[in-house]
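Trainee: Following the hints, position chain S against chain B.
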Amino acid sequence: MAIHGLWIINKAGGLVYQRNFADGLAQLTSNEYLVLAGTLHGIHAITSRLSPTGSSSGAEVIEGETFKLTIHLTLTGTKFVLLTSLVETTAEVILQKVYEIYADAVMKNPFHTPEMPIRSEGFDSKITTLIGSGQ
Amino acid sequence: MTIYSLYIFDRHCTCVYYQDWHRTKRPKPAVEGSILPAVSQVISPVAISDTATVNASTFNNSPRNTLSSSTGIVIATNESVARSTPPLPPPSSTTLVQQQQGASSAGLPFDEEAKLVYGVVLSLRNMVKKLSGRDESFTSYRTSTYRLHLYETISGYKFVMLTDPKTDYLRFVLRQIYAGPFIEYVVRNPLVKMDSKEYGIDNEYFRTSVDRLVRGLSVFA
Chain B
1 MAIHGLWIIN KAGGLVYQRN FADGLAQLTS NEYLVLAGTL HGIHAITSRL SPTGSSSGAE
61 VIEGETFKLT IHLTLTGTKF VLLTSLVETT AEVILQKVYE IYADAVMKNP FHTPEMPIRS
121 EGFDSKITTL IGSGQ
Chain S
1001 MTIYSLYIFD RHCTCVYYQD WHRTKRPKPA VEGSILPAVS QVISPVAISD TATVNASTFN
1061 NSPRNTLSSS TGIVIATNES VARSTPPLPP PSSTTLVQQQ QGASSAGLPF DEEAKLVYGV
1121 VLSLRNMVKK LSGRDESFTS YRTSTYRLHL YETISGYKFV MLTDPKTDYL RFVLRQIYAG
1181 PFIEYVVRNP LVKMDSKEYG IDNEYFRTSV DRLVRGLSVF A
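In order, the protein sequences belong to chains B and S. Going left to right, the first sequence walks through residues 1 to 135 as my numbering numbers them. Going left to right, the second sequence walks through residues 1001 to 1221 as my numbering numbers them.
Extracted from the complex, chain B is given alone in its bound form:
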């Protein structure tokens, strides 16, 4: 049980928030994270078109051998992505809570420009309380 990281991707595919928690995955540079977020944004759009039956959502969970990415897409197109270990069962719940915190600490913040990187101490500290060190 470990939470490795949290990403927030805006509706254009730009990474507006990225934070690491527990170790276990590679430490990448912020540029590499930006590229990965853009890729994920594209893949997410394609996966919804590959459905063999009817219309589908985009990818919700992507799994590797030791970790998974859980993706929560909001109605406004913002994606919340949580990187956790495979056994983590509460990823969806945590993402829901992150969304609430985002609404409170980011969207209600008059100094925040929509679709731009999130630099808010209030948001940071609330996320720390929710996820802690990720262990």
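For the record, the hints were derived by calculation from the structure and aren't laboratory data. Be aware that a few hints might be false.
To be verified - Label-pair ranges, simulated between beta-carbon atoms:
| no. | chain 1 | residue 1 | chain 2 | residue 2 | range |
| --- | --- | --- | --- | --- | --- |
| 1 | B | V93 | S | H1012 | 16 to 26 Å |
| 2 | S | R1215 | B | S30 | 43 to 53 Å |
| 3 | S | G1180 | B | D124 | 25 to 35 Å |
| 4 | B | N109 | S | C1013 | 30 to 40 Å |
| 5 | S | V1219 | B | I46 | 17 to 27 Å |
| 6 | B | D104 | S | I1183 | 34 to 44 Å |
| 7 | S | G1180 | B | L75 | 37 to 47 Å |
| 8 | B | A26 | S | V1187 | 28 to 38 Å |
| 9 | B | S48 | S | K1166 | 10 to 20 Å |
| 10 | B | G14 | S | R1212 | 44 to 54 Å |
| 11 | S | H1012 | B | T76 | 37 to 47 Å |
What the hints assert, rightly or not - Subject to a maximum C-alpha distance of 30 Å in a straight line, what follows is the list of computed DSSO-like cross-link-like pairs (lysine-lysine):
| no. | chain 1 | residue 1 | chain 2 | residue 2 |
| --- | --- | --- | --- | --- |
| 12 | B | K126 | B | K108 |
| 13 | S | K1025 | B | K11 |
| 14 | B | K97 | S | K1166 |
| 15 | S | K1197 | B | K11 |
| 16 | S | K1025 | B | K126 |
| 17 | S | K1129 | B | K97 |
Note that this is a predicted model, so its numbers are computed, not measured. Positions of the beta carbon are idealized from the N, C-alpha and C atoms, including for glycine.
Mentor: The following block gives chain S in isolation, referenced to the frame of chain B:
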């Protein structure tokens, strides 16, 4: 719980085999020249001269039955089987129209769909590798209506299977297909031109054997 389709890609990024089971949305047949011969009869482009006959015989089969064992001989690449199939008695016009509508409601032509599947699989594979920092492989992803599983062999063949989202880990099945039917009827078949970039690997024995293996699974319903 069910299984929708199986794709096999070789190391040159081309789709060499396709089979489907419970798909309600069939892909449109591929455009002439954009997929290799002997990938799957169902989605291969049909010759213009006998389009009507082939259409009739293709659509007359149940969409769940992608097997065509009409020839009774072992062949390596059954490129021309669809065309040599004796035309089946045409179904009543209404059912034919309905079936054709059903088939045409499918979104993408097969060749484009296969490229998208390969693109997604390749990007996710690289992404997982990068994120983990080790040689870790991507195994599956899930959306609200399906789940995609990947098994990659050392020789670069990628086995991709689309199933119901509720199925769990199915990589062992893909491994079984590789270790069983694939080795037996493709690798050990001297008539199959593997890695040729000109032909797929479809042959009657492989198809039947994969079909039997998949239908025997507990998740296949």
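Trainee: Each hint: holds or not?
Mentor: Structure-based check of each hint:
{"no.": "1", "hint": "V93/B x H1012/S: 16 to 26 Å", "result": "43 Å, violated"}
{"no.": "2", "hint": "R1215/S x S30/B: 43 to 53 Å", "result": "49 Å, holds"}
{"no.": "3", "hint": "G1180/S x D124/B: 25 to 35 Å", "result": "53 Å, violated"}
{"no.": "4", "hint": "N109/B x C1013/S: 30 to 40 Å", "result": "46 Å, violated"}
{"no.": "5", "hint": "V1219/S x I46/B: 17 to 27 Å", "result": "25 Å, holds"}
{"no.": "6", "hint": "D104/B x I1183/S: 34 to 44 Å", "result": "57 Å, violated"}
{"no.": "7", "hint": "G1180/S x L75/B: 37 to 47 Å", "result": "46 Å, holds"}
{"no.": "8", "hint": "A26/B x V1187/S: 28 to 38 Å", "result": "35 Å, holds"}
{"no.": "9", "hint": "S48/B x K1166/S: 10 to 20 Å", "result": "18 Å, holds"}
{"no.": "10", "hint": "G14/B x R1212/S: 44 to 54 Å", "result": "49 Å, holds"}
{"no.": "11", "hint": "H1012/S x T76/B: 37 to 47 Å", "result": "41 Å, holds"}
{"no.": "12", "hint": "K126/B x K108/B", "result": "14 Å, holds"}
{"no.": "13", "hint": "K1025/S x K11/B", "result": "29 Å, holds"}
{"no.": "14", "hint": "K97/B x K1166/S", "result": "25 Å, holds"}
{"no.": "15", "hint": "K1197/S x K11/B", "result": "39 Å, violated"}
{"no.": "16", "hint": "K1025/S x K126/B", "result": "45 Å, violated"}
{"no.": "17", "hint": "K1129/S x K97/B", "result": "29 Å, holds"}
The structure does not agree with the numbered hints 1, 3, 4, 6, 15, 16 stated previously, though it agrees with the rest.
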